[in-house]
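So the protein sequences, as listed, match chains W and L. Just so we're aligned, residue 1 is where the first sequence starts under our numbering, counting upward by one. Just so we're aligned, residue 1 is where the second sequence starts under our numbering, counting upward by one.
Since the hints were made in silico from the structure, they are not lab data. All values reported here derive from a predicted model rather than from experimental measurement. Don't take every hint at face value.
Unchecked claim - DSS-like cross-link-like pairs, simulated, lysine-lysine; straight-line CA separation at most 25 Å:
#: 1; chain 1: L; residue 1: Lys405; chain 2: W; residue 2: Lys280
#: 2; chain 1: W; residue 1: Lys280; chain 2: L; residue 2: Lys385
#: 3; chain 1: W; residue 1: Lys400; chain 2: W; residue 2: Lys390
#: 4; chain 1: W; residue 1: Lys55; chain 2: L; residue 2: Lys220
#: 5; chain 1: W; residue 1: Lys186; chain 2: W; residue 2: Lys230
#: 6; chain 1: W; residue 1: Lys280; chain 2: W; residue 2: Lys387
What the hints assert, rightly or not - Derived list of chain L stretches under chain W, where covered just means 3 residues or more per stretch with a C-beta under 8 Å from a C-beta of chain W:
#: 7; segment: 22-34
#: 8; segment: 221-230
#: 9; segment: 359-368
Heads up, the beta-carbon is just placed ideally off N, CA and C, and yes, glycines get one too.
For reference, the chains in residue letters:
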Amino acid sequence: MKKQIAVIGLEMHCEMKSNSKVFSSAANAYNETPNSNIALLDMAFPGTLPVVNKKCVKDALKVSLALNCSQPEYMYFDRKNYYYPDLPKGYQITQMASPVGVNGKIEIEVNDKLIPVLIHDVHLEEDTASLDHYFDTSTLDYNRCGVPLLELVTEPSFHSADEAVAFIEHMIQIYRYMGISDVDTKRGQMRCDVNVSIMDEDATEYGTRVEIKNVNSISGIHDTIEYEIKRQTELKEAGRYEEVEQETRRWNEETMSTVRMRSKVDAIDYKYFVEPNIPKYKITNDWLDEIKKEIPRLHLERKYDYINNLGLNNYDASVLVKNKDISDYFEDCIKIGIEAKIATNWITTSIMGYLNANELEIKDFYITPKRLKELILAISNGTISNKQAKEIFNKLIVEKKEVKDYLNSDNAQISDEEELTNLIDNILKNNPKQIEDYHNGKTNLFDYFVGQVMKETRGKANPVLTKEILNKKLNS
Amino acid sequence: MIDKSIIEIHNALKSGSITSKELVQESLKKSREVQEKYNAFVTILEEQQGSDVNDSLVTGIPFGVKDNFSTKDVLSTGSSNTLSNYVPIFNATVVQKLFDKGAVMVNKTVLDEFGMGGTGTTGHTGAVLNPWDKTRMCAGSSAGSACAVAAGVYPYALGSDTGDSVRKPAAYCGIVGYKPTYGMLSRFGLFPFASSLDTVGILARSVEDTAIVADIMKGKDVHDMTTWDSSKLHLKEALTGNVKGKKLFFIKELCDINNYPNPSEELKKHLENFNKTLDLCKKLGIEVREESIDQNILNAIGSVYVVISCAEATSNMSNLTGIIFGPRSDKKNITEMMIDHRTKGFSPLIKRRFVIGSYVLQKENQMRYFKNAGRVRRLIVDIMKDFFKKYDGLILPVGTGVAKKLDGAVDKMSKEASALEEHLQIGNFGGFPSITIPNGFIDNLPVGVNITGNCFDDENVLNIAYALESDMPYKGQIAKEVS
Numbered sequence: 001m002k003k004q005i006a007v008i009g010l011e012m013h014c015e016m017k018s019n020s021k022v023f024s025s026a027a028n029a030y031n032e033t034p035n036s037n038i039a040l041l042d043m044a045f046p047g048t049l050p051v052v053n054k055k056c057v058k059d060a061l062k063v064s065l066a067l068n069c070s071q072p073e074y075m076y077f078d079r080k081n082y083y084y085p086d087l088p089k090g091y092q093i094t095q096m097a098s099p100v101g102v103n104g105k106i107e108i109e110v111n112d113k114l115i116p117v118l119i120h121d122v123h124l125e126e127d128t129a130s131l132d133h134y135f136d137t138s139t140l141d142y143n144r145c146g147v148p149l150l151e152l153v154t155e156p157s158f159h160s161a162d163e164a165v166a167f168i169e170h171m172i173q174i175y176r177y178m179g180i181s182d183v184d185t186k187r188g189q190m191r192c193d194v195n196v197s198i199m200d201e202d203a204t205e206y207g208t209r210v211e212i213k214n215v216n217s218i219s220g221i222h223d224t225i226e227y228e229i230k231r232q233t234e235l236k237e238a239g240r241y242e243e244v245e246q247e248t249r250r251w252n253e254e255t256m257s258t259v260r261m262r263s264k265v266d267a268i269d270y271k272y273f274v275e276p277n278i279p280k281y282k283i284t285n286d287w288l289d290e291i292k293k294e295i296p297r298l299h300l301e302r303k304y305d306y307i308n309n310l311g312l313n314n315y316d317a318s319v320l321v322k323n324k325d326i327s328d329y330f331e332d333c334i335k336i337g338i339e340a341k342i343a344t345n346w347i348t349t350s351i352m353g354y355l356n357a358n359e360l361e362i363k364d365f366y367i368t369p370k371r372l373k374e375l376i377l378a379i380s381n382g383t384i385s386n387k388q389a390k391e392i393f394n395k396l397i398v399e400k401k402e403v404k405d406y407l408n409s410d411n412a413q414i415s416d417e418e419e420l421t422n423l424i425d426n427i428l429k430n431n432p433k434q435i436e437d438y439h440n441g442k443t444n445l446f447d448y449f450v451g452q453v454m455k456e457t458r459g460k461a462n463p464v465l466t467k468e469i470l471n472k473k474l475n476s
Numbered sequence: 001m002i003d004k005s006i007i008e009i010h011n012a013l014k015s016g017s018i019t020s021k022e023l024v025q026e027s028l029k030k031s032r033e034v035q036e037k038y039n040a041f042v043t044i045l046e047e048q049q050g051s052d053v054n055d056s057l058v059t060g061i062p063f064g065v066k067d068n069f070s071t072k073d074v075l076s077t078g079s080s081n082t083l084s085n086y087v088p089i090f091n092a093t094v095v096q097k098l099f100d101k102g103a104v105m106v107n108k109t110v111l112d113e114f115g116m117g118g119t120g121t122t123g124h125t126g127a128v129l130n131p132w133d134k135t136r137m138c139a140g141s142s143a144g145s146a147c148a149v150a151a152g153v154y155p156y157a158l159g160s161d162t163g164d165s166v167r168k169p170a171a172y173c174g175i176v177g178y179k180p181t182y183g184m185l186s187r188f189g190l191f192p193f194a195s196s197l198d199t200v201g202i203l204a205r206s207v208e209d210t211a212i213v214a215d216i217m218k219g220k221d222v223h224d225m226t227t228w229d230s231s232k233l234h235l236k237e238a239l240t241g242n243v244k245g246k247k248l249f250f251i252k253e254l255c256d257i258n259n260y261p262n263p264s265e266e267l268k269k270h271l272e273n274f275n276k277t278l279d280l281c282k283k284l285g286i287e288v289r290e291e292s293i294d295q296n297i298l299n300a301i302g303s304v305y306v307v308i309s310c311a312e313a314t315s316n317m318s319n320l321t322g323i324i325f326g327p328r329s330d331k332k333n334i335t336e337m338m339i340d341h342r343t344k345g346f347s348p349l350i351k352r353r354f355v356i357g358s359y360v361l362q363k364e365n366q367m368r369y370f371k372n373a374g375r376v377r378r379l380i381v382d383i384m385k386d387f388f389k390k391y392d393g394l395i396l397p398v399g400t401g402v403a404k405k406l407d408g409a410v411d412k413m414s415k416e417a418s419a420l421e422e423h424l425q426i427g428n429f430g431g432f433p434s435i436t437i438p439n440g441f442i443d444n445l446p447v448g449v450n451i452t453g454n455c456f457d458d459e460n461v462l463n464i465a466y467a468l469e470s471d472m473p474y475k476g477q478i479a480k481e482v483s
């Protein structure tokens with residue numbers, strides 16, 4: 001059999017952040033208590049009407065712009081009609097004919113290479129209620145009903161599970177950077193549909209496409225794709241490719257396999273038509289320009305900037321851009337003149353270590369870039385040692401003082417050459433036997449002298465200078 | 001007193017010669033009589049007390065509400081078994097606005113199930129009989145509201161108009177039916193039938209009374225995105241009666257008796273009446289001209305309406321499953337529950353419309369039916385808007401004559417006559433303001449005439465109707481049963 005190429009497309013649904021739901025005034029927030037964040041429309045009481053949440057539209061347009069899509073002149077919504085208990089209206093308000101973005105293109109990094117990804121469309125829609133099944137009961141919680149969803153559909157741009165996963169991770173970063181969504185997969189804020197097919201290396205037409213619905217974790221996406229590629233390839237190898245049908249399947253976490261849900265023949269006709277209760281809305285160029293200005297520099301651009309212009313390595317740059325707030329903090333450090341590598345070191349070790357251990361956000365961190373700079377300055381002009389700096393770092397967080405409060409003579413590092421020389425001369429005078437032993441071959445006594453200096457100065461002697469002076473005195 | 005006009009009643013209340021409580025009692029008593037004779041109501045609010053009187057013209061005065069409006073704590077069924085026990089927790093915006101002014105709701109009126117019908121006979125509590133002749137229908141779907149107002153239960157009632165559901169019952173019952181420009185009155189709380197056609201309407205016994213009520217109910221509503229700012233319109237104030245220089249047109253293909261190969265006596269008299277009304281217009285200084293519209297387009301009106309309204313209705317009614325509200329089926333499986341509730345709850349007529357609606361929306365059919373209906377709708381609306389550049393309004397007879405018999409012994413309609421029955425739908429296609437007023441009698445049964453104008457031109461349309469009405473003797477008339 002010829003070599004096979006896997007062809008993968010993704011549909012990614014993410015719950016968006018906003019105060020209220022996309023068409024109703026109920027709160028858009030996680031709530032343990034079922035049926036507590038609901039408005040009349042969410043339960044489809046007769047006579048209720050949708051009212052569009054402008055912030056959600058704005059955020060959707062932001063994503064459309066960030067993905068280099070084309071925006072429509074007029075925004076419309078459509079009804080997707082079907083019956084299911086988790087859809088109280090009997091239709092979902094979505095965008096079919098005129099989505100917020102079409103024909104986009106971005107580049108993502110996969111194993112240190114950049115590959116292009118084509119975006120079919122991005123559109124705004126509403127989520128359904130949560131349906132849970134028990135032995136003889138089913139429960140309906142309408143909290144999630146009407147929550148804004150941003151759906152992103154790619155062209156079949158991926159050829160491996162790694163590429164698909166890299167894309168998802170890239171989009172998660174983008175959504176978090178833009179504040180569109182937290183993408184908390186533990187709370188089910190992201191759901192993906194994966195489309196997989198295989199084709200001969202030199203074929204001109206795509207193979208049979210299989211859709212796997214509702215894969216909700218990154219590892220799930222990876223496993224689903226690998227499983228499907230394997231399943232389809234094995235069938236083809238065995239001359240049974242016709243058993244690969246154009247159908248919808250479901251990923252089963254327990255059996256680690258995909259299972260048929262419905263075939264193309266049973267495919268549902270959603271009878272889409274324009275939502276008549278929402279008048280069309282003009283998307284002006286002025287509004288788009290305004291929205292564009294609000295798009296922050298995204299993670300990939302920042303990463304390349306740090307590598308190419310600030311001399312950081314790939315690993316450090318990646319760590320810094322993982323979280324926008326940390327990246328912003330780093331950039332603030334650079335802005336006020338802290339050297340890139342030094343800032344990186346402090347952030348990736350002491351600062352992130354502290355934040356992770358105490359489950360804090362850098363936004364609330366006491367040591368601002370300004371305070372960090374003062375600390376770093378004190379080290380570089382010899383006022384304190386690295387070791388002392390770390391102590392002050394810890395004290396600052398707890399005592400909430402300023403760096404200068406710790407730089408008095410009591411705490412200051414002794415870097416004055418004359419002072420140290422006198423001190424060392426004193427110590428040497430008082431340790432004649434050790435000097436003799438040192439000259440007779442016990443060179444490890446050097447550390448003994450250093451230790452004596454530290455003891456005398458209670459650890460405040462500048463260690464580099466101390467060793468320099470001792471060296472001169474003992475070895476000249 | 002309850003059979004008088006709003007202003008007369010208001011003055012009596014302010015002067016103290018009658019109290020709101022007395023009015024309510026009178027209205028409730030009349031309600032019971034009307035219910036007994038004509039079956040106009042789903043619910044009568046027997047406990048209603050009346051309200052304090054303030055300066056608003058509607059304060060303290062009873063009124064009726066069609067049962068497809070959401071009324072808090074009061075049964076709202078849509079005249080359907082799918083909502084036979086549904087008591088809402090909120091008021092429709094327009095109803096709330098009237099309550100805020102002290103208006104007193106005394107009953108919920110019968111309709112054709114969910115507004116889908118033109119006879120007033122398909123509601124789940126049975127047919128509404130015409131107060132002028134119990135063997136005849138009121139037309140629909142706002143049958144109960146039209147019947148009650150005509151019978152003198154109160155000065156006005158709310159209705160809804162998707163194809164003619166306020167304006168035709170008004171004609172059959174000898175009263176005034178006003179359908180404002182789409183979006184002037186909020187639809188929040190109105191059970192939807194066809195969202196792009198549905199309009200809140202008013203049944204009353206005079207043009208002035210419809211204007212008074214519309215002035216109170218209108219306004220941009222944050223709950224309804226299709227509403228617009230009408231604060232610059234003052235409908236009652238605009239009723240000057242001065243219509244000199246106004247221009248109206250009528251459609252030759254519909255009004256010329258020679259276009260009907262075998263016209264009935266009734267149709268002849270109906271068109272004669274219409275011509276008399278045109279003479280009256282001229283007398284008032286209105287210029288009236290005959291215009292022609294392609295018969296093919298006129299013949300398409302009915303199909304456009306059926307396709308669009310059935311499609312939208314099918315989608316709009318998908319929330320009726322009995323899971324959250326309405327009587328819940330006792331089947332054990334969710335899908336069976338939904339199917340059972342809907343099978344038992346909807347009448348066969350509704351189901352027929354759902355079949356049509358589903359069919360025209362199917363992927364393989366949409367272009368040919370639903371999308372094309374939308375295009376023809378646009379065509380019709382553009383033709384109207386062209387005419388409205390020259391004319392203040394379109395004037396036409398309502399239907400082919402008097403209220404039809406209930407026993408179905410009706411003359412079969414000729415193709416030409418059907419456009420005469422259906423032209424009111426044009427008002428919904430374009431969202432045009434449209435009002436029906438009584439303009440005569442045929443064998444002691446009332447007939448009506450309709451004026452439709454351009455969007456947002458409600459003041460003008462109402463004023464023309466007001467001027468005509470003032471020069472005819474039918475204003476304020478109460479139904480008298482013909483024996």
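Now the hints, each set against the structure:
{"no.": "1", "hint": "L:Lys405 to W:Lys280", "in the structure": "violated (44 Å)"}
{"no.": "2", "hint": "W:Lys280 to L:Lys385", "in the structure": "holds (21 Å)"}
{"no.": "3", "hint": "W:Lys400 to W:Lys390", "in the structure": "holds (15 Å)"}
{"no.": "4", "hint": "W:Lys55 to L:Lys220", "in the structure": "holds (21 Å)"}
{"no.": "5", "hint": "W:Lys186 to W:Lys230", "in the structure": "violated (28 Å)"}
{"no.": "6", "hint": "W:Lys280 to W:Lys387", "in the structure": "violated (64 Å)"}
{"no.": "7", "hint": "22-34", "in the structure": "violated (count 0)"}
{"no.": "8", "hint": "221-230", "in the structure": "holds (count 5)"}
{"no.": "9", "hint": "359-368", "in the structure": "holds (count 4)"}
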